[in-house]
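Protein chains: 4
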Amino acid sequence: TLGVKCQYYDQQHKNFTTSSRSSPSFAPPAGESAPKLFVGHSIYKGKAALTVEPRSPEFSPLDSGAYKLVKEGFVLLQFAPAAAVRQYDWTRKQVFSLSVTEIGHLGKSEEGKVRKLLKVEPLPDGSGHFFNLSVQNKVLNIDESIYIPVTKAEYTVLTSAFNYILPYLLGWHAYANSIKPDDSSRGNNASPRYGGDHEWNR
Amino acid sequence: TLGVKCQYYDQQHKNFTTSSRSSPSFAPPAGESAPKLFVGHSIYKGKAALTVEPRSPEFSPLDSGAYKLVKEGFVLLQFAPAAAVRQYDWTRKQVFSLSVTEIGHLGKSEEGKVRKLLKVEPLPDGSGHFFNLSVQNKVLNIDESIYIPVTKAEYTVLTSAFNYILPYLLGWHAYANSIKPDDSSRGNNASPRYGGDHEWNR
Amino acid sequence: TLGVKCQYYDQQHKNFTTSSRSSPSFAPPAGESAPKLFVGHSIYKGKAALTVEPRSPEFSPLDSGAYKLVKEGFVLLQFAPAAAVRQYDWTRKQVFSLSVTEIGHLGKSEEGKVRKLLKVEPLPDGSGHFFNLSVQNKVLNIDESIYIPVTKAEYTVLTSAFNYILPYLLGWHAYANSIKPDDSSRGNNASPRYGGDHEWNR
Amino acid sequence: TLGVKCQYYDQQHKNFTTSSRSSPSFAPPAGESAPKLFVGHSIYKGKAALTVEPRSPEFSPLDSGAYKLVKEGFVLLQFAPAAAVRQYDWTRKQVFSLSVTEIGHLGKSEEGKVRKLLKVEPLPDGSGHFFNLSVQNKVLNIDESIYIPVTKAEYTVLTSAFNYILPYLLGWHAYANSIKPDDSSRGNNASPRYGGDHEWNR
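Residue numbers (the working numbering), protein chains in the order written: chain X, 1 to 202; chain A, 1 to 202; chain P, 1 to 202; chain S, 1 to 202.
All the given hints hold, so there is nothing to weed out.
No distinction is drawn between identical chains; accordingly, a pair holds when it is met within one copy or between any pair of copies.
Result set (DSS-like, lysine-lysine): computed pairs, CA atoms no more than 30 angstroms apart in a straight line: (1) 119 to 152; (2) 113 to 36; (3) 138 to 47; (4) 93 to 119; (5) 113 to 152; (6) 119 to 138; (7) 45 to 138; (8) 45 to 113; (9) 47 to 108; (10) 138 to 116; (11) 116 to 152; (12) 180 to 36; (13) 93 to 47; (14) 113 to 93.
If you're looking for bench data, these hints aren't it; they were derived computationally from the structure.
Construct the complete structure from the given sequences, taking the supplied hints into account.
The structure is reproduced here in structure tokens:
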């Protein structure tokens, strides 16, 4: 399978290293900083490709020096139609962002001012799922539908990756990482409660 | 969905940045340090909102320089009744702390001096679960019941977050993080056992 | 439930802070270093208590400067019979170590020179599982059996903790943590393969 | 079980500490750096042994200072036939690399210029799975088939380890680890949106 994969990686490379116009990497809205790491996972099929990529939650500092989560992260889905054999036209890509709740149940989701409808449903023959994104933009007169069949194995990878990233999108990893045994601001007040002497063990 | 969400985040913001009286952030008992990170995940419904947030376990130093877990962490549930459309009255919030075992099986749980009963049960139509917290405080003459329907997707996010955080509440992450290959206090004694020469591979 | 728990924690405290003879903390064999963190999770029942605690894998340095895993970690189960209401006699504790494979399928396991048999089976009424450890030591003339019923929720916590810790016992976390994007020893050789110019995106 | 395991670990040691020719550690192709950690998990059976080991994804630096994933990691399976009781001939080992998608669904997979076929299927009696690797190399005139029965418990450990490592092979852990609350390049632009004063909480 490695031979085949190299072609895929070459293809992926094209996507990543060229101008932002054709890159599958999400162009952040003005004022939002670009990520420092691009970790898109791609599924390439005959008529289209799908790249999925996590997006950070946002924290804000409080006056107390603590931080609070102000915006949960999400997963960005990017769909590109095929232009030729194993070549995808990322200039015509369509994006859809999955919130944590939408990740919790992949199904029918709608988004945005430009009407976007994502449907994720099992294939009738039980061989996997399909992802279908249809986009209607009456201003730009775009009316597009991109369809990707996803095998069971590919779907397992997606849901496994989504399940992994979910606590990070919620910011719970940051809380979890802040729990340290030697943190003097925690637990030391608990000492009196546990420091007594007990008959039992003498 | 983004448009709707912004309103929700604004709502959430109100909760976090105002006085502690109206904040959904748990006011720690005197002597307990406040967390440095606020990562509440909220579910907003017509009649009430629910915010879930992890709380650290506590460690104590031993004379040997090691640390021991003295109190397991928990998940704090905070319920606030709606006061108007998409506005919630956190001054009237009710809290419930879920122990690790209660996280292990969300069901019927009771708590505290003030009698609190939390019920988490599937909705009869299979569309999700409900969280119901009823509180009876005869001293303050409070007798309140807060009910939140939770969709399948929202429930999946909650259980996924709970499942993620559980080892941290047990403090097992701290043990896990202390396992380092280059820790000279570990494994070096194992060398003699594995350092011999063996006929087999000559 | 908090009131009840404090008693449990006090009980747990007795276990941890007294002489090694009565401590539930595993006394490591001579030459093996003691862990720096004690994170035992305990289940207290009428006739006995069970504490579960992870134990590190061991690594050895290679001449190349790399490290290899030479011994997988395990989970230590410690059983103590009750001596009085909510008091457990850790001087009479029996221990059993679960290998990663035994963690993979909690069932019937045997161990050691002193014959030990651990059985983990569902309770007939479906309300949970039982852990039964029987120990026969003909030298010391010990023939003991400790039985602990474990509720569904408690069992979920145990298996969730076991599932979390398993990759750490395998040492895979150390490998995973060594994967860094800015590691110049990795991936830089990949550049030529991906650095070419492609017609497609011009 | 410890006694038995020591023999296994001794066996494993032989594999790791001798010449690269007989080591089960994967000899990287020229130009690829060797891993710094060897964390192979082995299953030893009568006729053969199987060692599984993760392999890092590869990142490349971008001109912007960011990094992109250019090659997903994989899991390396190494099969060695038995040469004597509890001794395995790693000089005759056969290797197979599982891509993330193949990890997502262990089943029938093919690889490479030298034709390799891996089959993972449930045993007919329901007692576990078998791994079968057959290799045909017409140049070297090799035509070999290695078969390993894997118990349910061993299979659970493998899939648990695979499931753990998958996000690391995708490089998503690196993204996840880059999400920090105090990262000034993130979230600070969000402040204006959340910094307003709200009537509600006055």
